[in-house]
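Engineer: For the protein sequence lines, the chains are A and B, in the order given. Anchor point for the first sequence: position 260 equals 342 in our numbering, and the numbering is continuous, going up by one each time. Anchor point for the second sequence: position 198 equals 280 in our numbering, and the numbering is continuous, going up by one each time.
Treat the hints loosely; a few may be bogus.
Looking from chain A toward chain B, a few residues come up when the C-beta cut is under 7 Å (computed) [unchecked claim]:
(1) 232
(2) 259
(3) 263
(4) 287
(5) 360
(6) 364
(7) 371
(8) 376
(9) 381
The set of hints was computed from the structure by calculation and includes no laboratory data. Predicted model only: the values in this text are computed from it and were never measured. Ideal placement from N, C-alpha and C gives every residue a C-beta, glycine not left out.
Number of protein chains: 2
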Amino acid sequence: MTAQHQNHALKAAVIQHQSPGYDKHKNLQTSAKYIEQAAQAGAQLIVLQELHTTAYFCYTQKQDYFDLAEPLNGTSVKYLKQIAADLNITLVGSIFERRTAGIYHNTAVVLDGDAGMVGFYRKMHIPDDPGFNEKYYFTPGDATLNGRCAFQPIQTRVGRLGLLVCWDQWYPEAARLAALQGAEMLIYPTAIGWDPVDTVETQQHQSEAWRIIQRSHAIANHLPVLVPNRVGEENGTQFWGQSFICGAQGEILNQANQDDEGIILADIDLQQTEQLRRTWPYFRDRRIDAYRNLTSRHIDQLN
Amino acid sequence: MTAQHQNHALKAAVIQHQSPGYDKHKNLQTSAKYIEQAAQAGAQLIVLQELHTTAYFCYTQKQDYFDLAEPLNGTSVKYLKQIAADLNITLVGSIFERRTAGIYHNTAVVLDGDAGMVGFYRKMHIPDDPGFNEKYYFTPGDATLNGRCAFQPIQTRVGRLGLLVCWDQWYPEAARLAALQGAEMLIYPTAIGWDPVDTVETQQHQSEAWRIIQRSHAIANHLPVLVPNRVGEENGTQFWGQSFICGAQGEILNQANQDDEGIILADIDLQQTEQLRRTWPYFRDRRIDAYRNLTSRHIDQLN
């Protein structure tokens, strides 16, 4: 074993909290409180939920809400950058990004200690259903950016982060493309919840499916997965919390409950990936000669 | 609702049993016993485990074992065809196929009542590790066959079967390509087990990962999944049974234990797929403009 392969334990935290109203500074102060708790507990990597600076405004289509958007060098990113530098941590935040007039994104940002913002990821898969009008607000992320294909991981001092956002979590393609580009872990800042009119059984099927699909990305790619989710009721959606961190075989390392704000911590073993890929060599056996049609919307059956 | 959308319940069964030794007729009689039980319980679709006519010979590399292979119109398929016709069921079996001298496959076959063999699927992803020398025996299935891309589902009177085999279960790509071609359910005849020298914790992580990855294919594609697995000890592998059937949101409908031979039954609601795809429209939002690199072995990072 070389020195490079030793000492690859990483203490990570994900945070779930309520983000009521539209006072960004107030919500950022809530985030800061939990970030400080996590850093004091030794977390080197800390991940916040999707759109944590405001209430989840996509419950409706309202043109004024575009005023909430801000550029990548805006106030929220500056605030998070300062925290990351002060606490000497790697921090993943989430903003409603104004890229230019008429182009707005749902963007995760990475603040890496005193190195500042070392990368960002614009949500690629955009949902749209009652209570989640995201196609109205968010332009989908670019399929290629600066000549690199999408789902490019972000290099930080704690490893290469495969950053994805919420609805991306239902797409094995996204996780795979991050893994093929060298991601060392997958990260899904999330805002997902139940419709209170659904039965408890329906709700449980939904949150169980959500947990399983993300654990499956760990399993298929042998990568740890970190998922912070929003919590609390907003405008008819009960955000279901249950933030979790799992290891590279999908095993749950820690999980939050569905109601309470707080942090969860886990020690992630980054050596596990190579060991598992030797024991279960899925990547060796991918039938890349047979996958071309994955770029089809549907393969219509004409006979 | 049109008549076409009504009455889409399907009673299905998966069978797990031991398959000791190399007397194919004897093992086929074991299969037949359980097939009859399942048919009497009302099963319209019955699925057998991988390579059920013999012991799992891939534990070692032995040239004589190629003598076990037989053509698609060989004795084993004829036997299964007769059962399917007699019991008026749709039956999925598994054979070691001799396609020609020097080309052998691990092939699932579909016998559809009195219609005979309506299709087959040659395992695409071939594992190879200690105790599972499959690359020695099995030529991988063709990337295209008769001008159609691989993972083409098989039309039967109970629906379009997305047939895959064992190691294929670790590849979201395979499930997706079956779904994009109109599969109405996914089926994985399997022979997977524990190494008894591993710890109980390692073993449980493995079988839990196996269950989750297959439930994730249900979730990502909104299709029911049927998985029969071999059971019993053979040549240093403890096949772990735990055959299961889950619904189109990954919810477990029925599951066998890890030790005993037997059948498990479930009523599958084939209407659930369209309903779930309307509520959770993943297929609408796939970023097919960004998936081209899924045909890469690895996307090397040159800077």
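Engineer: Output the indices of the hints that this structure fails to meet, ascending.
Structural biologist: 5
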